[in-house]
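Colleague: Sequence:
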Amino acid sequence: MMSLPRRLATSLLGHVRSHITSATCGTSSAGKSASVLWSCRTLSLAPGVSSCPSLVASLRTSAAQLGSASYQDVQPDYEVVAETENKITADVVSQVNRSIADRSTGRLFAVVHINGKQFKVTDGDLVVVQGQWPPALGQQLRLEKVLLVGSADFTLLGRPVLDRGMAAVEATVIEKSLSHTKTIFRKKKRKNYRRINFCRMPLTTLRINSVRLEKTVDQS
Numbered sequence: 001m002m003s004l005p006r007r008l009a010t011s012l013l014g015h016v017r018s019h020i021t022s023a024t025c026g027t028s029s030a031g032k033s034a035s036v037l038w039s040c041r042t043l044s045l046a047p048g049v050s051s052c053p054s055l056v057a058s059l060r061t062s063a064a065q066l067g068s069a070s071y072q073d074v075q076p077d078y079e080v081v082a083e084t085e086n087k088i089t090a091d092v093v094s095q096v097n098r099s100i101a102d103r104s105t106g107r108l109f110a111v112v113h114i115n116g117k118q119f120k121v122t123d124g125d126l127v128v129v130q131g132q133w134p135p136a137l138g139q140q141l142r143l144e145k146v147l148l149v150g151s152a153d154f155t156l157l158g159r160p161v162l163d164r165g166m167a168a169v170e171a172t173v174i175e176k177s178l179s180h181t182k183t184i185f186r187k188k189k190r191k192n193y194r195r196i197n198f199c200r201m202p203l204t205t206l207r208i209n210s211v212r213l214e215k216t217v218d219q220s
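Just so you know, we're using the working numbering here: the sequence shown kicks off at 1 and counts up by one.
Note that these hints are calculated values from the structure, not bench results. Source: prediction; values computed, not measured. A portion of the hints provided could be inaccurate.
What the hints assert, rightly or not - Lysine to aspartate or glutamate pairs mimicking DMTMM-like chemistry, simulated, CA-CA at most 20 Å apart: (1) K120 <-> E170; (2) K117 <-> D77; (3) K145 <-> E170; (4) K215 <-> E170.
As the list claims (entries may be wrong) - Per label pair, the in silico range of CB-to-CB distance: (5) F154 <-> F198: 23 to 31 Å; (6) D153 <-> S179: 37 to 45 Å; (7) D153 <-> L203: 33 to 41 Å; (8) L157 <-> R194: 31 to 39 Å; (9) E170 <-> D77: 53 to 61 Å; (10) N97 <-> K176: 20 to 28 Å; (11) L178 <-> K117: 12 to 20 Å; (12) D153 <-> T181: 40 to 48 Å; (13) T172 <-> N192: 47 to 55 Å; (14) I88 <-> E144: 30 to 38 Å; (15) L157 <-> L126: 53 to 61 Å; (16) Q130 <-> T89: 34 to 42 Å.
Ideal Cβ placement from N, Cα and C applies to all residues, glycine included.
Please put together the full structure from these sequences, using the hints given.
Modeller: Next comes the structure, spelled out in structure tokens:
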């Protein structure tokens, strides 16, 4: 009478051969194949099975075949269109360029870099720039460090800034003033050291006249 490990090995051998056939056809899963491979290697070391060299050889051969068949490349039954992403990009760029050419973008906003800080601005906004800044009162400015321009339908991002000829953010210096008085108090313990200083920071106020897009987007 056949022992239990040998009966299990014989039944598993038929199961492995069916897996080899299905894996070759591309219908076997990797997890199921891995579990069958582990079972083959475990049973081949069992006492009742290891006494039968032919059965051990069959199990090892089947396990090797299953391992090689489980990782075969299976060709998909569909075709991947390489130009799909390029076509979507071209459609989006064409719609954005059409809006820019027709002046139908609506009200635009921009993120500009001024004196070391970033400000989100749109038409008519007031921007207060802290610190020393050379522009004089009444001077007309064109802010060239534009990081982003957006509308209700699209947003153009710079890497890190947009091209100088693409976006135009114009502003006027309407005020040069000082901030409120700040009190700075310094003290050192057990040193009889106390100092009180007063500080007012220079401020420059800008009015944003317009935010415009002056040329279309380069698709490249």
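Colleague: Each hint: holds or not?
Modeller: Against the structure, the hints come out as follows:
no.: 1; hint: K120 <-> E170; in the structure: 14 Å, holds
no.: 2; hint: K117 <-> D77; in the structure: 54 Å, violated
no.: 3; hint: K145 <-> E170; in the structure: 12 Å, holds
no.: 4; hint: K215 <-> E170; in the structure: 16 Å, holds
no.: 5; hint: F154 <-> F198: 23 to 31 Å; in the structure: 49 Å, violated
no.: 6; hint: D153 <-> S179: 37 to 45 Å; in the structure: 39 Å, holds
no.: 7; hint: D153 <-> L203: 33 to 41 Å; in the structure: 36 Å, holds
no.: 8; hint: L157 <-> R194: 31 to 39 Å; in the structure: 51 Å, violated
no.: 9; hint: E170 <-> D77: 53 to 61 Å; in the structure: 58 Å, holds
no.: 10; hint: N97 <-> K176: 20 to 28 Å; in the structure: 40 Å, violated
no.: 11; hint: L178 <-> K117: 12 to 20 Å; in the structure: 18 Å, holds
no.: 12; hint: D153 <-> T181: 40 to 48 Å; in the structure: 47 Å, holds
no.: 13; hint: T172 <-> N192: 47 to 55 Å; in the structure: 52 Å, holds
no.: 14; hint: I88 <-> E144: 30 to 38 Å; in the structure: 31 Å, holds
no.: 15; hint: L157 <-> L126: 53 to 61 Å; in the structure: 25 Å, violated
no.: 16; hint: Q130 <-> T89: 34 to 42 Å; in the structure: 41 Å, holds
Of the numbered hints stated above, those contradicted by the structure are hints 2, 5, 8, 10, 15, listed in ascending order.
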